[in-house]
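Chemist: Taken in sequence, the protein lines are chains D and F. Under my numbering, the first residue of the first sequence is numbered 15, with each subsequent residue one higher. Under my numbering, the first residue of the second sequence is numbered 2, with each subsequent residue one higher.
Calculated from the structure, these hints are not laboratory results. A few of these clues could be false.
Stated by the list, open to error - List of simulated lysine to aspartate or glutamate pairs, DMTMM-like, C-alpha gap at most 25 Å: (1) D:Lys70 to F:Asp213; (2) D:Lys233 to F:Glu236; (3) F:Lys130 to D:Glu118; (4) D:Lys209 to F:Glu70; (5) D:Lys233 to F:Asp95; (6) D:Lys209 to F:Asp213; (7) D:Lys209 to F:Asp211; (8) D:Lys233 to F:Glu234; (9) D:Lys117 to F:Asp146; (10) D:Lys217 to D:Asp193; (11) D:Lys98 to D:Asp193; (12) F:Lys242 to D:Asp231; (13) D:Lys218 to F:Asp213; (14) D:Lys70 to F:Glu234; (15) F:Lys242 to F:Glu181; (16) D:Lys74 to F:Asp95; (17) D:Lys74 to F:Glu236; (18) D:Lys70 to F:Glu236; (19) D:Lys233 to F:Asp213; (20) D:Lys95 to D:Asp82; (21) D:Lys233 to F:Asp211.
To be verified - Some chain D residues judged to face chain F by a derived CB distance under 7 Å, without partners named: (22) Pro110; (23) Lys182; (24) Asn183; (25) Ala207; (26) Gly208; (27) Cys239; (28) Ala240; (29) Val241; (30) Tyr243; (31) Thr245.
What the hints assert, rightly or not - Label pairs and their in silico Cβ distance ranges: (32) D:Thr212 to F:Arg173: 32 to 42 Å; (33) F:Ala161 to D:Asp152: 52 to 62 Å; (34) D:Asp152 to F:Pro180: 48 to 58 Å; (35) F:Lys242 to D:Gly226: 28 to 38 Å; (36) F:Thr126 to D:Gly130: 47 to 57 Å; (37) D:Ala91 to F:Ala239: 26 to 36 Å; (38) F:Gly202 to D:Thr81: 53 to 63 Å; (39) D:Gly85 to F:Arg173: 55 to 65 Å.
Glycine included, C-beta positions come from ideal geometry on N, C-alpha and C.
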Amino acid sequence: MKTTSVLALIAAGTLCLRGAALAQNSGQPKATPSTTEVKKDQPTKKAPAKTDGQAKVGEKAPNFTLTDTDGKTVTLADLTKQNKIVVLEWFNPDCPVVQRCYKEGVMSKVYDAYKGKGNVTWLAINSSGPNSDSGGKDRNVKAKADMKLAYPLLLDESGTVGRAYGSKNTPTMYIIAADGTLAYWGAIDNGNAGKAGTVNYVKKALDEILAGQTVTDSKTTPYGCAVKYATAEGKHDGDAKKDTEKKK
Amino acid sequence: MVAALAGAAPSATSGLPPPNHPARARLVAEQGALVPGHTGYLGLSFDIDPGWHLYWHGASDTGMPIMVELDLPRGVKAGPTLWPAPMRHVSEGDILDYIYEKRVTLIIPVTLAEGTDAKAAGKLTINAKVSWMVCKSLCLTDNADLSITLPIETDPARAAPTADSPLLAEARKSIPQPPENAAQRVKTQWDGRILHIVSEGAAGLAFFPDRDSAAMTSPIKQGERKSDTLSIEFEPSALRKQASGVLEVRPPDGKPSEYFTLIVPTVGTNQSDSRPPRPQPRPKG
Chain D
15 MKTTSVLALI AAGTLCLRGA ALAQNSGQPK ATPSTTEVKK DQPTKKAPAK TDGQAKVGEK
75 APNFTLTDTD GKTVTLADLT KQNKIVVLEW FNPDCPVVQR CYKEGVMSKV YDAYKGKGNV
135 TWLAINSSGP NSDSGGKDRN VKAKADMKLA YPLLLDESGT VGRAYGSKNT PTMYIIAADG
195 TLAYWGAIDN GNAGKAGTVN YVKKALDEIL AGQTVTDSKT TPYGCAVKYA TAEGKHDGDA
255 KKDTEKKK
Chain F
2 MVAALAGAAP SATSGLPPPN HPARARLVAE QGALVPGHTG YLGLSFDIDP GWHLYWHGAS
62 DTGMPIMVEL DLPRGVKAGP TLWPAPMRHV SEGDILDYIY EKRVTLIIPV TLAEGTDAKA
122 AGKLTINAKV SWMVCKSLCL TDNADLSITL PIETDPARAA PTADSPLLAE ARKSIPQPPE
182 NAAQRVKTQW DGRILHIVSE GAAGLAFFPD RDSAAMTSPI KQGERKSDTL SIEFEPSALR
242 KQASGVLEVR PPDGKPSEYF TLIVPTVGTN QSDSRPPRPQ PRPKG
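For reference, chain D alone in the conformation it holds in the complex:
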């Protein structure tokens, strides 16, 4: 008979809704969850696409240009031109699953093992909206220092890059081969939100890529917290719109 302890705090999910789509598809009465935070549905505006297409394993990875927490600009195509293998890690400093991975060194062990090898470049990307607790430059400058990220942390506040890559969870991992092809999309390992796995998929895929082999597990199911994308109004948290459909 004891107890609870909250392990971590995280910002997770975006609670906003894709109101328009749901309304059309379901025809259900609007959900009215009993919370004062819920506002009426509004259609969600899509951010203008600045990338080229949607990510798909085996095809050219969508290019992007983002700015990191130091104000430096990073363009994927520039890295590919230098024959770099690029690892993308979707990040949210407030997600308990991301926090667990950092606490256990799940990312850093792989990063440290490959940072000097075969031109591997590692980038973290945070697609939290500008007004979410986990978004914004200040929060992420602090997070990079607190959580000791040894690689650049790029800010994708519009969510354009996250959407182009179809990233829904933090963490979600991608590997872009030196020829610019998306070689891996999925989880960091075969664990779950509560527990690290025994097979690190990113390590396995990097080994295969560096050995000139085909990636065996090129698409796995990511687990973690919902990416906290900006809503149409760019608001989150207490102002988040939410589309929860009621059944009864």
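Dock chain F against chain D, hints included.
Modeler: Okay, now just chain F, sitting in the frame of chain D:
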């Protein structure tokens, strides 16, 4: 017979203020005693603050299902946990999760071995380690070590309902009925790529896929419809498995929904199979 929950101070590694516990768990019993040779039911019941949600065990895009690890005394066996049907929750970025709001009670069947000596066994304590992720615009992981102690009654009539039994009664309303019950209310047609589900006269249908079900191509668009027909396309790459999950049938006139476990074999039934044509589903309405 009680259960417990304590609240250690949450610790946070971020710059955010530590929250309280947005979801609180209790372990309860439907009846006040265990009876040798009989199955009783425990409830793992959560009270969830407004705006927050927990996760069903099925194929959500994100989050973590409620996790329960039981520590059972000698002579007690637990059956598979019964999960009430969830709600669909769609958020920015085409994220679809299957969630619970406000309150949810998972039901755990427990059977006490026949011939258990009530006097020798005394009272029995069942422990449960429970962990969960609870999210609003912020996610937390939380856990509790719960326990419940029950006496043994050899006379089933003396194992009376507890004050918590309504929680289990409420949960049972949305615990899916077995597949054979679905056969009476629901017709399914698998055409090699698309599963057509028809429940004549229904006002709406929704399908909540299991975690290991064949994957739907457009779960946000195709998982729910205000109609008595639901057509769901599945990923060709996922058809090594079967399509499985929970079907919600919403009757007209706002009556409570019915829920069925749905299992549709898809293995070896791809488009190239030559099969006799089957009846078409009713026109989509």
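Chemist: State for each hint whether it applies.
Modeler: Hints, verified against the model:
1. D:Lys70 to F:Asp213: Roughly 22 Å between the alpha carbons, so the hint for Lys70 (chain D) and Asp213 (chain F) holds.
2. D:Lys233 to F:Glu236: At roughly 14 Å apart (the allowed maximum being 25 Å), Glu236 (chain F) and Lys233 (chain D) satisfy the hint.
3. F:Lys130 to D:Glu118: Holds: Lys130 (chain F) and Glu118 (chain D) sit about 22 Å apart, inside 25 Å.
4. D:Lys209 to F:Glu70: holds, 14 Å
5. D:Lys233 to F:Asp95: holds, 18 Å
6. D:Lys209 to F:Asp213: holds, 19 Å
7. D:Lys209 to F:Asp211: Holds: Lys209 (chain D) and Asp211 (chain F) sit about 21 Å apart, inside 25 Å.
8. D:Lys233 to F:Glu234: Measuring from Cα to Cα gives roughly 20 Å; hence the hint holds.
9. D:Lys117 to F:Asp146: holds, 23 Å
10. D:Lys217 to D:Asp193: Status holds; Cα separation ~19 Å.
11. D:Lys98 to D:Asp193: holds, 8 Å
12. F:Lys242 to D:Asp231: Holds, at roughly 18 Å.
13. D:Lys218 to F:Asp213: Status holds; Cα separation ~23 Å.
14. D:Lys70 to F:Glu234: Distance ~19 Å between Lys70 (chain D) and Glu234 (chain F) Cα, so the pair holds.
15. F:Lys242 to F:Glu181: holds, 20 Å
16. D:Lys74 to F:Asp95: OK: Lys74 (chain D) and Asp95 (chain F) at ~22 Å, within 25 Å.
17. D:Lys74 to F:Glu236: holds, 22 Å
18. D:Lys70 to F:Glu236: holds, 15 Å
19. D:Lys233 to F:Asp213: holds, 15 Å
20. D:Lys95 to D:Asp82: Distance ~20 Å between Lys95 (chain D) and Asp82 (chain D) Cα, so the pair holds.
21. D:Lys233 to F:Asp211: Cα-Cα ~19 Å, so holds.
22. Pro110: holds, 4 Å
23. Lys182: Nearest chain F Cβ about 5 Å off; hint holds.
24. Asn183: holds, 5 Å
25. Ala207: holds, 3 Å
26. Gly208: holds, 6 Å
27. Cys239: Holds, about 5 Å.
28. Ala240: Cβ of Ala240 (chain D) sits 4 Å from chain F, so the hint holds.
29. Val241: holds, 5 Å
30. Tyr243: At 4 Å from the nearest chain F Cβ, Tyr243 (chain D) passes the 7 Å test, so the hint holds.
31. Thr245: holds, 6 Å
32. D:Thr212 to F:Arg173: 32 to 42 Å: For Thr212 (chain D) and Arg173 (chain F) the Cβ distance comes to about 38 Å; the hint holds.
33. F:Ala161 to D:Asp152: 52 to 62 Å: At 59 Å between Cβs, range holds.
34. D:Asp152 to F:Pro180: 48 to 58 Å: holds, 54 Å
35. F:Lys242 to D:Gly226: 28 to 38 Å: At roughly 32 Å between Cβ atoms, Gly226 (chain D) and Lys242 (chain F) fall inside 28 to 38 Å, so the hint holds.
36. F:Thr126 to D:Gly130: 47 to 57 Å: holds, 55 Å
37. D:Ala91 to F:Ala239: 26 to 36 Å: Holds - the Cβ-Cβ distance for Ala91 (chain D) and Ala239 (chain F), about 33 Å, lies within 26 to 36 Å.
38. F:Gly202 to D:Thr81: 53 to 63 Å: holds, 56 Å
39. D:Gly85 to F:Arg173: 55 to 65 Å: holds, 58 Å
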